[in-house]
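2 protein chains.
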Amino acid sequence: MAPKCKLTYFAIMGLGEPIRYLLSYGKIEFEDNRIEFEKWPPLKASMPFGQMPLLEIDGKKMIQSTAICRYLGKKLGLAGENEWESAQIDMAVDTITDLRLKLSDYYWEPDEAIKQKKKETVFNETLPFYLERLNVLVKENGGYLAAGKLSWGDIFFAALCDYMNCAAKFDITKDYPNLASLKKKISELPAIKDWISRRPVTEL
Amino acid sequence: MAPKCKLTYFAIMGLGEPIRYLLSYGKIEFEDNRIEFEKWPPLKASMPFGQMPLLEIDGKKMIQSTAICRYLGKKLGLAGENEWESAQIDMAVDTITDLRLKLSDYYWEPDEAIKQKKKETVFNETLPFYLERLNVLVKENGGYLAAGKLSWGDIFFAALCDYMNCAAKFDITKDYPNLASLKKKISELPAIKDWISRRPVTEL
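Line order of the protein sequences matches chains A and B.
For the record, in the first sequence the residue sitting at position 18 is 18 according to the UniProt record's numbering, with numbers rising by one throughout.
For the record, in the second sequence the residue sitting at position 8 is 8 according to the UniProt record's numbering, with numbers rising by one throughout.
There's no promise every hint is true.
Partial list, derived from the structure: chain A residues whose beta carbon lies under 10 Å from chain B [said to hold, decoys possible]:
1) K74
2) L101
3) D105
4) Y130
5) I196
No wet-lab data here; the hints were simulated from the structure.
Because the structure is a prediction, the values reported are computed rather than measured.
C-beta: ideal position from N, C-alpha, C; glycine also.
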């Protein structure tokens, strides 16, 4: 019997989608509990560290999307075969998080003048800087982010792409063929393809 | 023979200090290569993903301070005994990183008016929110962040405290006895105490 599992997150892809991808990949049935933005403020205080995503799995409550993905990655045999392989995945994932944070910082900036200034830096410097190097990394690793094989890091990256594309308002992998090909490869894994075909359609 | 090891980072505690603590705890001799801020811009392009800290260990180059600390934690037997213990450490560490990022975002804000605004949120909301909950977490875990025993997460936290205290301009653990006691306990571990006694004195 599959573990009883429930993911609570906003009704967007965002930081929930890598978890949804991994659960789908592992054929772990889950309740996809989506919270509308306006319903979040009164709920926040009841959540550990006031945070989502919250994953309830194996009778436990988990927060922090990256920690959750690493835990699922281990369960699914996608976390490397030794300490060095695991470290390579962790380094790639934290680098993608750095990129995502910089992009989010621009995207959610409420002051329009500041947002325009951030936009220049993000599009002219940050995105090309990270994407060029990630593209090389994937080439060096035979089409994956780490250790020459599929890991939870690849699934994490592919799942965050749609969110990052929405924030950037274009496909951030378009000039980086190794990244585009990695994203495509993940989205064509049968269990992920199935999830994509039935997930709620959201912008972010 | 201890592995040949070299840490390259700014001449501050910052994100390098958790690595220095862990290397010291493990009695792994390392070259503490400190780069002055003004020497960094020309070096940046030569670094993987333009980043420091860079740890050269076991003939490998590692970036991303958290990934490095987790790798060292595993080597030193401080990364949990099973997937759930490891996940608890990861969740605590990522939560501390969230706090650190919010504090840094305020500290490094160049615009004085914006900085004042951020200051209010950070001191009246962010710090108490996180510290209260971390304080409870440490109580629930018998004086540690996770799994009722010493982990790399505790060392990570204690090493980042001085940096966060400097950014906040006060001891952030002062009203949180479990956190204060955890920091003290780590700083009194003989190998860490020895490191603290001989490290270069820096503000940040």
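Going down the list of hints, with the structure as the test:
no.	hint	result
1	K74	5 Å, holds
2	L101	8 Å, holds
3	D105	9 Å, holds
4	Y130	7 Å, holds
5	I196	27 Å, violated
Of the numbered hints listed earlier, the single one contradicted by the structure is hint 5.
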